[in-house]
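Take the two lone chains and join them into the complex the hints point to.
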Amino acid sequence: METTTKVDLGNFRLETRAWLEENCPMSAREPVKRSSDMYWGGRNAKFTSKDQKIWFEKMLEKKWIVPYWEKKYGGGGLSPEENNILTQEMARLGCRKPLFSFGIAMLGPALLKFASEEQKLNYLPEIVEGKIWWCQGYSEPSAGSDLAGLQMKAEDKGDHYLINGSKVWTSYADNADWIFCLVRTNTDVPKHNGISFILIDMSTQGVSVRPIKLISGKSPFCETFFDNVKVPKSNLVGTLNDGWTIAKYLLTHERQMIGGVGGTEIKKEISKIAIDQLGLSSGQLNDSFLRTQIAKFEMDENIFELTIQRIVDEDKSGKQAAALSSFFKYYGTELNVKREELLIQIGGNDALLWVPNENNDANVARKFCRSKGNTIEGGTSEIQLNIIAKRVLNLPS
Amino acid sequence: MPLTLTEEQKMLKEAASEFLLTNSPIESFRELRDNNYQSYDPKVWEGFVEMGWTALTIPENYGGLDFGYTGLGQILEETGKTLTKSPLISSILLSATAIRLSDNETLKAKWLPELMSGKTLMSLALDEKSFFDPNSVESSASLSGDSFIINGKKRMVIDACDSDYLIVVASLDESISLFLVDSKSKGIDIKNDVFMDAGSYSSISFNNVKVPAKNQLDIEIEGKAILKSILDIGAIGLSCEMLGSVQAAFNQTMDYIKEREQFGTKIGSYQGLQHRAAHLFCEIELCKSITLKALQSIDDENENLSQYAHLAKAKLGEVLKLTSNEAIQMHGGIGVTDDVNIGFYLKRARVVQHLLGDTNYHLECIAKQKGY
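Quick note, the sequences are listed as chains A and B, same order. Under the working numbering, read the first sequence as residues 1 to 397, first letter to last. Under the working numbering, read the second sequence as residues 398 to 769, first letter to last.
Looking at chain B on its own, in the form it has when it is part of the complex (with noise of 0.2 angstroms):
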């Protein structure tokens, strides 16, 4: 398969491009931050939905258009140019993927459409510690009659302040299971907080929370195979909302070298500056073919495909670090006061360069991967 977009991903990615930026340009993502940190525009969520954005990874029979996570992957990489804060990566990219691939038929052919629908919000909650480490799992789940119970404490959960369910990794008899659990439920505490990017994460802990039985997305298949593909899967998604702010950062850089004068020329035309972007130009070269390859590696099914996932999101962390560093300083004194708009791309980066696992934790699993 080329490594190329088709046609068809193509006229979605500009019409996502189109439609962002009609409707919610980075002025909006300013407005929603000054507006006590408001989580996301429901007008705009509501445009997702009928552009169909929430429907394409989810398959023909459930409702969905099927259309693969290469077009999912266009449109996060449009709201990263953007920062279009929405539930999309909550609900979609990580959630509608945990169901999608969950051998749960019940709980599929009910919350799918509703998912799609975008009137149902879901949340993974999965880490517990510091940093990510999705392989030491504390919160537990116990069997008792036909329910489960539930103890431990989550943290960075993304959206759960505005979710209807959180979809809970736990440890049950020695290996991992994941539920579907309503957030309303008894014994769930949730507290938010605002981060640096102005997104709000939660902590949560569950106290004895009694979850049905047949809320449970693993029955045969072995939790932690469907914990791997959904962290390999949001990892790629991730990286290519971070491409998308690499490239916007990048270009609105380009835009103020271009314009800036000291010394009486442009400061654009100086090598000190010149080289140091035409290296990020190269950088962001390689960050497009690694979050193509690894979004067409779901598509297809690749068996490389961890290994797609660990080097897009290692790649995409290290190059938006760079990025979102070098836009500041090429912008000197304006670039680090909040009337300009390139400051935002800095703080989104480093949480989501943090978000399921950093440059580090993704070198180190490649290392694993080919064994040294």
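Excised from the complex, chain A in its bound form (with noise of 0.2 angstroms):
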């Protein structure tokens, strides 16, 4: 049984790899460079490359948008074994996602733990299908690291719920369709008590988007208000005022993704960039602290790799993953971050250019002064290690 298991993962990374290699288009081989390679479809969509167009079309029909969904929601039904092996050759091709979505890595997970069968039913097929654009709304103005502190309130109006309030970093709210939301439904309860998970038609009237321009320059986050915007009561997913399970639940799926983990990128070596940029006297880097640097992050980089491998093999579940998910925020973001702080080192003056030439995008800087958000955004080190020291060490409090 065992081996006719093991023949048929064989022949389906056969048949991945052949049907992969016929259908992705070659420009979408390439690393996404600028935010135009991305496809987030939604109601406004609009594919930027004809090869853009033919890659989500294609996987689209072959049902491998979300490949690991149930077939009745628009997945491709495949097993975990099926689809690491399909994530494996889309890497090894370095295939970019035909569909960039928060509605596949949050808002679907949440669906698929806590809505009703007619909610999944509803929205799952078009988060698959992009007709969606679905964004988040967490944090607010005063509600940032004490998230469970957020006011936006949703009163009941009997058939309905009234809005009020404003959420902060909604990353794409400006092009985005619908919103999920944490919300106020209790005031007289202790504040983790008294919140819901709401989702809402960005159309509807009352809501209105100012977007947030980062120290990078320009940024996919906004601000997003909300005047007396009327939500019908079957928008409501889960239990009332249960929403902030929803919410850690999601909060899990967010870090492993900030952190790296399950992503396919296949970043550079730094010290690859160093050779080509500083160059070597007798075999060695010139500037012999950086060349120390360098090895002490890349002994990090790689060995943080090897974690994720042993972690995602030793297949934790329940209270666990979720500890180990503050883990990987933290510790891939600080790499991140330290990443970037090398990048700007080993760059010199061209790293430095700020508005792009005929020669040189300007991406090193900004996508340096980007970085710092990484280890804020998704909750801050300081949040993770707060909660590495609560739930995994159960120190006191």
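Every clue listed holds true.
The calculated lysine-lysine pairs, modelled on DSBU-like cross-linking and capped at a C-alpha distance of 35 angstroms, are:
hint	chain 1	residue 1	chain 2	residue 2
1	B	718	A	267
2	B	516	B	505
3	B	765	A	267
4	B	718	A	367
5	A	338	B	718
6	B	765	A	296
7	A	63	A	33
8	B	744	B	625
9	A	191	B	655
10	B	685	A	268
11	B	663	A	191
12	A	296	B	744
13	A	33	A	120
14	A	338	B	767
15	A	390	A	267
16	A	367	A	97
17	B	767	A	267
18	A	46	A	120
19	A	367	B	767
20	A	6	A	113
21	A	296	A	33
22	A	296	B	526
For the record, the hints were derived by calculation from the structure and aren't laboratory data.
Written out as structure tokens, the structure reads:
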């Protein structure tokens, strides 16, 4: 039996490889360089190239937009083993994701776990087909690290909820069609126990969006305002006032994503970049202190990747997995910040360019500035350390 | 291959943990030290042999268990927790590996079973300077009739005070060769020193020491290649011990800050300690991954073995240094007294960090391997 399975998986790999080689356009095998390289779908979806359209449609037809969801929700129904193989084969060719979507990575898992069957059938296929661009409404101007202190209100008005308040760091809210939000539905109980999870159509009257510019120059982030917005009661997901459970579950996913778990992006080795930029003398980088810093960085980066593999292989679940997501988020983002810091150092003059010229897209300085947000968004490094101290190490409060 | 232990390896690790906590808890380390720095407890060593731990890495055709280095690594990790002193590193990790890698069939057939029995002890004599530098060997051997004549000085030879034989690394005809030398041979002078970790390390001078030519470990294969593998495997084995020490020092410190009260509250409730503790937790997760990957690379004969060995010893050196320091600091005043055990980890740490190359040495190797 086991042999048959192995043979089947082997065949699946060969078929997958052949299919990807035949169907993935060459330009979709290049790393994402600019935002127009990512297709997000949505009501106002526009493909920025012919290949982008071909790649999305081929994958949609193959049911591989979300290969591991059940078929009735628009997924491909692949087993975890098959999905792993597909991920590996896509990484091997460098295939881009055909659809970038918070619906897939964040809302989807929450709906699968907490939503009613009707809600699942309603929302999940639209995510897969790229018809709806979802964004996330968690943080508020006065609820950052203290997320559970959020104040945006949803009042029960009989046949609907009336929403008032604002959300901040709502990525791509200026393009998004719907937003999933945490809202305050009870103010008379401890703060964690009065939060609910609700889905809001951004085209509803009273919703407005202001983009936020970051120190990197621009950003996908926005602030989103809700002024007497009416939302049908059927848009509530899970149990009323139990939204914090969903929030925690989703944050686990978000942290793993930011920390780099399950990502297919292959980053170029810092040492290779340094050799290209700085050159060698008698086989060694010219700057010996930088050489040491690079060696140490690559040691940690290399071992962090092994650690992701080990923890995936150990297949931890439940509480342990949630706490480990804080480890991934903390360590992964701290590493990324160090990487960008090294790239600024290695790049010299070239890395400091801000306004692009004909030879230089001025990406290093901007990515460097953007990376400063990595250790803040999705829960700061300090919050992750708090979580590890309390939930893993059981240190007293 | 998944980066996890197999069921058999897990069982071995659990058995080792149980045995050591019963027969050789950290208090035994204190007793040995207080008994004029006794190098090990023979009863505990007999136990090691009975449990089969000296046979784990010995091939079946020499009577061994052929269980693999991943198994030996689990034992070493557990001994790092209890700081159990034994000839496991000198005789098995280093010497038995040297002989196993040799292509001298007569030596292998005779000495692998002897080492496994725990009755014959051996040490690897390599270092000559104050720093680990395996590429410059000044001790020399020259062939004279059916013997080699060895001259030179060795330092930091682990457990040589107890060893019946030395595996001596010496230069021979512009290259490097390894020789099995009876430590009672004429012309050998051994001077033992006790180091910070209460262990015994020897300086040995070889003055026209005559060694039978048949005692050369490398016949067809290159001595340099054997030495490289011994050092890779040795560095990985030491990393395992270090992983055990890191975890034990960390856990004992966590227990302490959960109990100790100041300003009317447990000190473990302070964020100033919590964040440092949580950071250590993360670093320890990394240490577990690299030691396991490195161990598996020995058993799989992974072509990147050497890279993983450097990564393991570099990372464990860094994290053990940090952990052993934080452990003392978080214990506060009691941490710098000999009344508690936490200082033992610091003292062993600095020695084991240094053995077979410290973090800087291994980072240097990584940079060279990657061509920068």
